[in-house]
Amino acid sequence: MHEANVAAFKAGYHFGETTELFAHAYRVRPAPAAPGTYRNVAGAQALAWGLIAASERSGLPLFYASYPITPASELLHELSRHKQFGVVTIQAEDEIAAINMALGAAFAGQLGVTGTSGPGMDLKAETLGLAAIVELPLIVIDVMRAGPSTGMPTKTEQGDLLLAMFGRHGESPLPIVAAASPADCFEVALEAARVAIRYRTPVVLLSDTFLQNSSEPWRLPDVDALPRIDPGFARPNGEGFLPYARNEHLARPWAIPGTPGLEHRIGGLEREDGTGNISYDPDNHERMTRLRRDKVAGIAEELPPVEVDDPDGGADLLVLGWGSTLGTIRAAAERVRAAGHRIATAHLRWLNPFPLNLGEVLGAYRTVLIPEMNLGQLALLVRARFLVDARTYSKVQGLPILAEELEREIVRILDG
Amino acid sequence: MAEPRTETTRDGVATLTKRDFTSDQEVRWCPGCGDYAILAAVQSFMPELGVEPHRTVFVSGIGCSGRFTYYMDTYGFHGIHGRAPALATGIAVANPDLSVWVVTGDGDALSIGGNHLIHALRRNVNMRILLFNNQIYGLTKGQYSPTSEEGKVTKSTPFGSVDHPFNPVALALGAEATFVARTIDNDRQHLTGVLREAAAHRGTAFVEIYQNCNVFNDGAFDLLREKSQGVHNQIRLVDGEPIVFDEGRRCVIVGDNGRPTIANTDEVDPEQIIVHDVDGRPSLPFSLAHLSSGPTEPTCIGVFRKFERPVYGEAVRDQLRRAEERLGKGDLRALLHGGDTWTVA
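First to last, the sequence lines map onto chains A and B. When you line the first sequence up against the working numbering, it's residues 1 to 416, in that order. When you line the second sequence up against the working numbering, it's residues 1 to 345, in that order.
In short, the hints are calculated from the structure, not lab data. Keep in mind the model is a prediction, meaning the values are calculated, not measured. Careful, some of the hints might be misleading.
[Stated by the list, open to error] Across the chosen pairs, the derived CB separations fall in these ranges:
hint	chain 1	residue 1	chain 2	residue 2	range
1	B	D340	A	P35	47 to 53 Å
2	B	R28	A	P304	44 to 50 Å
3	A	G232	B	E48	31 to 37 Å
4	B	G258	A	P260	29 to 35 Å
5	B	R28	A	D222	31 to 37 Å
6	B	G174	A	D222	51 to 57 Å
7	A	T275	B	A200	50 to 56 Å
[As the list claims (entries may be wrong)] Partial list, derived from the structure: chain A residues whose beta carbon lies under 7 Å from chain B:
hint	residue
8	P35
9	H77
10	S80
11	N100
12	D122
13	L123
14	A125
15	L130
16	V223
17	P257
18	E302
Where a beta carbon is used, it is the ideal one built from N, C-alpha and C, also for glycine.
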């Protein structure tokens with residue numbers, strides 16, 4: 001009898017594990033207090049709806065091309081259900097086709113988006129470089145899973161930050177934004193679209209398996225109050241058209257096919273500043289390389305400063321997080337504070353560029369602890385950028401960090 | 001900005017000219033390259049379509065053919081190696097009013113980009129794909145390509161290639177392309193005729209162009225390209241016409257096992273001569289594609305197959321329209337508030 005039960009349990013468990021029938025994992029949180037209308041939302045839903053919202057608020061049709069991959073397929077499924085919003089979804093023949101289709105649609109004046117997970121990000125790298133040099137708006141979503149290689153496709157990890165940051169040949173900077181909670185996926189999608197369109201740049205949006213499949217109560221936004229996004233298409237002005245002229249954001253004109261008088265050619269070869277003609281001129285290449293870097297770095301000018309949560313004041317330890325560890329960090333901080341300790345926390349939404357005040361914030365604490373579901377990728381960036389001796393708390397088990405695990409680490413440091 | 005190049009006829013109607021499609025960029029192929037002839041033919045031919053340059057998009061990949069986009073004064077996107085059909089799919093689906101042309105080569109389309117090519121063909125995206133086949137890697141200075149013949153001696157195959165080549169026309173037919181044709185770079189009239197038919201086709205039109213690389217693979221197509229030899233060895237396919245060539249001396253008949261075979265016209269019953277049919281059974285164009293094992297034998301040129309089936313971008317838009325009819329125009333507020341909600345006062 002016992003053996004039969006265990007066998008049945010295992011069969012059911014492995015069936016569930018293999019088929020992923022249960023798309024939602026529920027996390028019970030304290031009841032929200034702020035007045036408003038709430039609903040439950042999963043990360044994949046919120047992300048898809050955020051993209052639809054970005055399409056509505058920009059007036060750009062949403063074009064989503066993707067190749068099935070766990071756990072990002074959920075986005076393709078969700079978006080393909082909403083064609084009444086004019087959403088084009090294409091199940092491409094492969095990851096490379098998916099991003100190229102999205103980039104082609106972007107060239108033609110649509111909100112081009114592709115979504116994938118780690119193995120697909122590897123394949124998209126060359127086209128991300130192309131998107132960076134042609135300077136077109138594009139959103140590339142990486143729902144991170146445990147790697148390397150096929151790794152553990154159904155398990156969560158934050159292992160792709162450095163891939164997003166550096167995973168292309170040449171100097172190829174891209175803005176990187178990460179969602180911190182299921183509901184936050186909605187806002188992050190809007191934010192990614194806004195930056196992609198304003199700066200004419202591909203944006204990497206990082207989510208992860210845990211966020212994708214988790215749900216949380218979400219106070220619904222007033223859709224009419226969501227920010228409008230102006231695509232700002234180039235219009236003929238009777239003068240010579242310079243496809244690589246730049247505005248105050250260092251962004252170039254988005255001149256879409258069908259516009260008379262703005263015929264121009266773009267491509268992966270280095271462009272001459274201004275004219276966009278092919279150029280192998282040494283000084284021009286250096287200028288363009290720096291312009292591309294400065295454009296992405298300049299996004300920081302409009303980012304809100306990173307906020308520090310230090311209710312007691314005078315903390316020596318700052319816990320800095322990014323992505324889906326937000327809930328864990330908050331819960332751990334509550335526990336540690338309840339035990340009488342003082343600690344500060346901060347969470348990054350933008351990983352590239354960093355908020356302008358980040359260096360100052362980090363410098364104000366004796367110890368900086370960065371919990372990550374990787375071996376210290378944000379820590380590497382922070383140490384390199386700010387010469388801060390940040391500590392890493394790592395967990396790479398394909399599982400989220402638990403509040404009590406982080407609590408133990410914080411207390412160990414505070415006691416140390 | 002240069003002065004307007006469009007000419008105006010006496011009755012005030014603007015007509016396009018070759019200059020409207022010619023960019024100010026210096027053309028940088030090797031002197032004598034077959035690409036010059038194709039470029040000139042395309043630039044001369046585009047005006048007759050009546051599609052303005054601003055509604056025309058050329059998309060290319062990597063290789064000598066990739067530079068083509070820079071020489072057309074249209075919208076252009078020079079992508080990465082092999083991915084032009086995917087880029088072009090995005091463009092064509094996003095904006096159905098555009099005339100989208102992909103320019104690619106044998107390495108670009110059949111090696112690194114083979115997957116995108118066959119999937120574009122099966123989807124039947126509304127675009128034209130011009131494959132410049134020179135049977136060699138030119139831009140990387142002379143390695144064998146996926147269309148090089150077996151035994152080809154190149155820098156990367158000093159003992160000869162042991163790879164079996166692709167037959168691009170057969171491959172396109174196998175991918176169920178709705179328009180498949182072959183033409184030759186230096187035969188302006190034939191090339192333009194095929195382009196004209198390709199432009200008029202709804203869906204993906206695939207055109208293989210035999211193109212001489214005079215630096216790394218000179219003379220590969222001489223049997224067909226050189227006037228004195230071509231007249232005997234080009235088998236010109238014309239829909240509805242018996243397949244005869246070599247100034248009528250030879251023809252194509254159904255041979256053993258139903259396989260098309262070359263025969264002397266005066267030795268066969270005229271009834272035996274195959275009548276070309278672009279919209280008939282798919283086995284005919286496929287077997288015609290295999291009539292020769294390469295351009296070193298009498299080879300078919302012209303339109304092999306042409307038929308209609310749903311066009312990808314149109315099907316995509318139909319689905320959007322039907323969804324809106326059935327569900328009403330998307331309402332973001334209703335989407336977010338759908339399902340269970342609760343209110344905190």
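_Satisfaction of the hinted span 51 to 57 Å by the C-beta atoms belonging to G174 of chain B and D222 of chain A_ = holds, 55 Å
*Are E302 of chain A and chain B close enough, Cβ to Cβ, to be under 7 Å, as the hint says?*
Status violated, d = 25 Å.
*With a cut-off of 7 Å, does the beta carbon of H77 of chain A approach a beta carbon of chain B closely enough for the hint to hold?*
With a closest approach of 15 Å, the H77 of chain A hint is violated.
*Under 7 Å, Cβ to Cβ, is where A125 of chain A needs to be relative to chain B, so tell me if that hint holds or is violated.*
Violated - the Cβ of A125 of chain A stays beyond 7 Å from chain B, reaching only about 11 Å at its closest.
*Closer than 7 Å between Cβ atoms is the bar; does N100 of chain A clear it against chain B? Give me holds or violated.*
For N100 of chain A, the interface hint holds, since the closest Cβ of chain B sits about 4 Å away, which is under 7 Å.
*Measuring from beta carbon to beta carbon, are R28 of chain B and D222 of chain A in 31 to 37 Å?*
violated, 56 Å
*Minimum Cβ distance from L123 of chain A to chain B below 7 Å?*
Constraint on L123 of chain A not satisfied, violated at 11 Å.
*Does the Cβ distance between R28 of chain B and P304 of chain A fall inside 44 to 50 Å?*
Once the Cβ atoms are compared, 49 Å apart, the range 44 to 50 Å for P304 of chain A and R28 of chain B holds.
_chain B contact restraint for V223 of chain A - C-beta distance below 7 Å_ = holds, 5 Å
*Is the hint on S80 of chain A kept, meaning its closest Cβ partner in chain B is under 7 Å away?*
Not OK, violated: S80 of chain A not within 7 Å of chain B, min 10 Å.
*asked:* So, as I understand it, the hint says P257 of chain A touches chain B; can you test that by seeing if any CB pair is closer than 7 Å?
replied: holds, 4 Å
*Is it true that T275 of chain A and A200 of chain B lie within 50 to 56 Å of each other by Cβ?*
violated, 35 Å
The structure fails hints 1, 4, 5, 7, 9, 10, 12, 13, 14, 18 (numbered hints given earlier, in ascending order).
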